[in-house]
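**Q** Sequence:
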Amino acid sequence: MNRRVFVKSAAGAGLTLVLPGCSGLGLSGLVRADLDRNKNGQEVPACLTKEEEAILYHASLAPSGHNAQPWFVRVEEPGRWTVGLDPERRLPRVDPRDREALLSLGAFVENLVLAAGALGQKAELEVLADTPVEKGFIRIALKPEQPSGYPLQRLTKRRTVKHGLKPDPLQPDHLKILSREMDGRIHYFPPGSAHAACLAQGTVEAFRAQVQRDEAMIESARWTRLSNKEARQNRDGLTTAGMEITGLAGLFVRNFMDSKDAAGPKFRKEALDLTAKLVQEGGGWLILTGPSESPADLIGTGRGFQRMALLLREMCLAVQPMTQILEEKVGQEMVRANHPGSLEPQFILRVGYLDRYPDPVSLRRPVGWFVRG
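Numbering follows my numbering, in which position 340 of the sequence shown is assigned residue number 373; successive positions increment by one, without gaps.
None of these hints come from the bench; they were simulated from the model. The C-beta atom is built at its ideal place from N, Cα and C for all residues, glycine as well. Be aware that a few hints might be false.
Said to hold, decoys possible - List of simulated lysine-lysine pairs, DSS-like, C-alpha gap at most 25 Å:
1) Lys155 <-> Lys168
2) Lys302 <-> Lys209
3) Lys199 <-> Lys310
What the hints assert, rightly or not - Between beta-carbon pairs, the in silico distance windows are:
4) Arg389 <-> Leu185: 17 to 27 Å
5) Ser325 <-> Glu238: 33 to 43 Å
6) Ala79 <-> Val363: 46 to 56 Å
7) Gln179 <-> Lys293: 25 to 35 Å
8) Ala227 <-> Lys199: 45 to 55 Å
Using the sequences provided together with the hints, build the complete structure.
**A** In structure tokens form, the structure reads like this:
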């Protein structure tokens, strides 16, 4: 996400951290592999079987804005769940209509369906219309069936990457595969095209508007987990590893900055400068569309996006959502002016090939933290 910030000036200050007496500092950023998937060896929740816990763990590896992980699962009876949005994990300043949260919920549900199939369960879905967010949007019923053979490694290895995207255009066969997963609702604009330039400019202008809104930046800062202690306690949000703040800069941020700094003018300027740099890199842009912004359609688009995202590592292809253009008025107006028609843009993604695909680093909460018995 382009809210993740690289603090260029931290390197000089970070040099002092090699002095004696600093052994207790966070010398490296906390990553997913550093934590057991259950907090302190926590047992599987009593309302779930071990297999059901595994299904929901894999579902929770879905992406979400600010890594807020906005889902909850309520166990109605064995093998019957309701999935919805946790009101405490909404982003009302940048996502007041829950558009992005519902897309994330769709990705969660797609992971759930795929994991259930791989583990010998068919997940039957019913999307509920006009349901308050706190009540739940989706009913799920699990029924035994033969394992699908879907490789769960696709779920455990998926990650978002923003640095190192190469300028090579997408290969036609790769674009065809991605389009199939989105039922054709995908539009590609290669580097150097007028539309790619328009998207790059619009992204920067929308983000410029967002960093000037104090309430948006305070909300973003709320989800930063700069210290390893915060990251371990919360197991969500934007860590230095997740923001790709590495080396001495990461060392400095983890030990000498906090969420107030993340809302401050220096972070804002660095974030905007980084966004202006990143939009000029990579192999172009993808726009994914949906029929409407109804909960059912947004969940469906989120599912299609996740099916697509799970194939990217095998192509050594990365996408980075650039969400501000759909969050801020200046970006929304640009999109409406340049994309008339019946299909609504739901994802705007910077895309590009990688020389090497890194392992996932973003943290996840234990299943027991989002399951309600």
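**Q** Next, verify each hint and record whether it holds.
**A** Hints, verified against the model:
no.	hint	result
1	Lys155 <-> Lys168	23 Å, holds
2	Lys302 <-> Lys209	38 Å, violated
3	Lys199 <-> Lys310	13 Å, holds
4	Arg389 <-> Leu185: 17 to 27 Å	22 Å, holds
5	Ser325 <-> Glu238: 33 to 43 Å	26 Å, violated
6	Ala79 <-> Val363: 46 to 56 Å	50 Å, holds
7	Gln179 <-> Lys293: 25 to 35 Å	54 Å, violated
8	Ala227 <-> Lys199: 45 to 55 Å	21 Å, violated
Of the numbered hints given earlier, the model fails hints 2, 5, 7, 8; all others are met.
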